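Modelling step: build the complete structure from the supplied sequences, incorporating the hints.
Going line by line, the protein sequences match chains A and B.
Our numbering applies: residue 6 is where the first sequence begins, and numbers increase by one.
Our numbering applies: residue 4 is where the second sequence begins, and numbers increase by one.
Heads up, some of the hints might be wrong.
[Claimed, not checked] Taking lysine-lysine and the DSBU-like style, the derived pairs with C-alpha atoms no more than 35 Å apart in a straight line are:
{"id": "1", "chain 1": "B", "residue 1": "LYS63", "chain 2": "A", "residue 2": "LYS130"}
{"id": "2", "chain 1": "B", "residue 1": "LYS63", "chain 2": "A", "residue 2": "LYS61"}
{"id": "3", "chain 1": "B", "residue 1": "LYS100", "chain 2": "A", "residue 2": "LYS134"}
{"id": "4", "chain 1": "B", "residue 1": "LYS100", "chain 2": "A", "residue 2": "LYS61"}
[Unchecked claim] Listing some non-contacts, in silico: residues in chain B with all C-beta distances to chain A over 10 Å:
{"id": "5", "residue": "GLN26"}
{"id": "6", "residue": "ASN37"}
{"id": "7", "residue": "ASP58"}
{"id": "8", "residue": "THR104"}
{"id": "9", "residue": "ALA105"}
{"id": "10", "residue": "ARG116"}
Hints in this document: simulated from the structure, not taken from any laboratory.
Please read these numbers as outputs of a predicted model, since none were measured by experiment.
Note that the Cβ used here is the ideal one computed from N, Cα and C, for glycine as well.
Each chain, letter by letter, is given below.
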Amino acid sequence: MNIAPNRVEIHNEWDIVRARQSGRERAKELGFGHVDQARIATAISELARNIYLYAKHGEIIISVIDGEKRGISIIAEDNGPGIRDLRKAMEDGYTTSGGLGAGLPGVKRLMDDFDIVSEEGQGTKITAKKYLR
Amino acid sequence: MRIPILKLYNYLLTTIQVELDDQTAIQFQDDLLNKIHETGAIGVVIDLTSVEIIDSYIAKILGDVVNMSELLGAKVVLTGIRPAVALTLIDLGIRLKGVPTALDLEQGIEKLRQELGE
Ligand SMILES: Nc1ncnc2c1ncn2[C@@H]1O[C@H](COP(=O)(O)OP(=O)(O)OP(=O)(O)O)[C@@H](O)[C@H]1O
Ligand SMILES: [Mg+2]
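Below, the structure written as structure tokens:
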């Protein structure tokens, strides 16, 4: 299996589709079931859309976790405006763009591990992981 | 990419068979609302059997389509939502409140008949 990380640059809305398709393929190769494939693709879609909406551009890096526990890791990174109040951003329904405010709390529930680092004026880096059972 | 919308008596039927990117979703919203207005349709079935993922953005558009259609006088039934999609919607905390759903197109039409008391 090709385990080189797959980097998808996010500049426009079609990149969002490319990123989530690529994540789904990788998840399938790894042996994730249908529902987890959908969860992983949906999480990527949320993170890629946030990059596109709030930071204009950035990157999604999809890689294989090949350790004691096998799984998939998604990194969403941008040098955008950052998030001032992380606690608020993680609340269901909190949105600054008239969305549903479902993306970030959703990704946290869709995946097994979720980590977010964000600095105002610097950018945001989110790492989300899902493990094979 | 345009999603075809069929008219059958006073219902509109549409099957989403493409990967829903943002443009396609917005175009679909416009097309459907225009078609309801033009035809005076009283019921709409949107079949999602081929849709493999619904993220929060697409979910919002679908919810808006349902609400706006009702403002225009057409009841919407969503059909064919895949189990994996239903589960991811739950993780996202999205409930399609009050939106009637059915298994497939045929049952969707049946549901419309019931909802509309036809
Ligand atoms: N990469 C990012 N850079 C800057 N701000 C962000 C980023 N991602 C999220 N945010 C901020 O966090 C808020 C919450 O994000 P979240 O994805 O949960 O909801 P949303 O994007 O507003 O709506 P939805 O995802 O439901 O369409 C956003 O409204 C935005 O203010
Ligand atoms: Mg979002």
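Would you assess whether B:GLN26, listed as outside the interface, keeps its beta-carbon beyond 10 Å of every beta-carbon in chain A? violated, 7 Å
Does the alpha-carbon distance linking B:LYS63 and A:LYS61 stay inside the 35 Å limit? holds, 21 Å
For a C-alpha distance cap of 35 Å, please report whether B:LYS100 and A:LYS61 respect it. holds, 32 Å
Per the stated criterion, does the least C-beta distance between B:THR104 and chain A lie above 10 Å, as a non-interface residue requires? holds, 17 Å
Taking the closest pair, is the beta carbon of B:ASP58 still more than 10 Å from chain A? Nearest chain A Cβ is 4 Å from B:ASP58, so the label is violated.
Is B:ASN37 truly not at the interface, in the sense that its beta carbon sits beyond 10 Å from all beta carbons of chain A? The claim stands: B:ASN37 keeps its Cβ more than 10 Å from every Cβ of chain A (closest is about 22 Å).
Minimum Cβ distance from B:ALA105 to chain A greater than 10 Å, as the annotation requires: Holds, since 21 Å exceeds 10 Å.
Restraint check for B:LYS63 with A:LYS130, where alpha carbons must lie at most 35 Å apart: Distance ~25 Å between B:LYS63 and A:LYS130 Cα, so the pair holds.
For B:LYS100 and A:LYS134, compute the direct alpha-carbon distance and say whether it is at most 35 Å. holds, 30 Å
Chain A versus B:ARG116 - minimum CB to CB distance exceeding 10 Å, so not interface: Check passes; 31 Å lies beyond 10 Å.
Comparing the model with each earlier hint shows violations of hints 5, 7; every other hint is respected.
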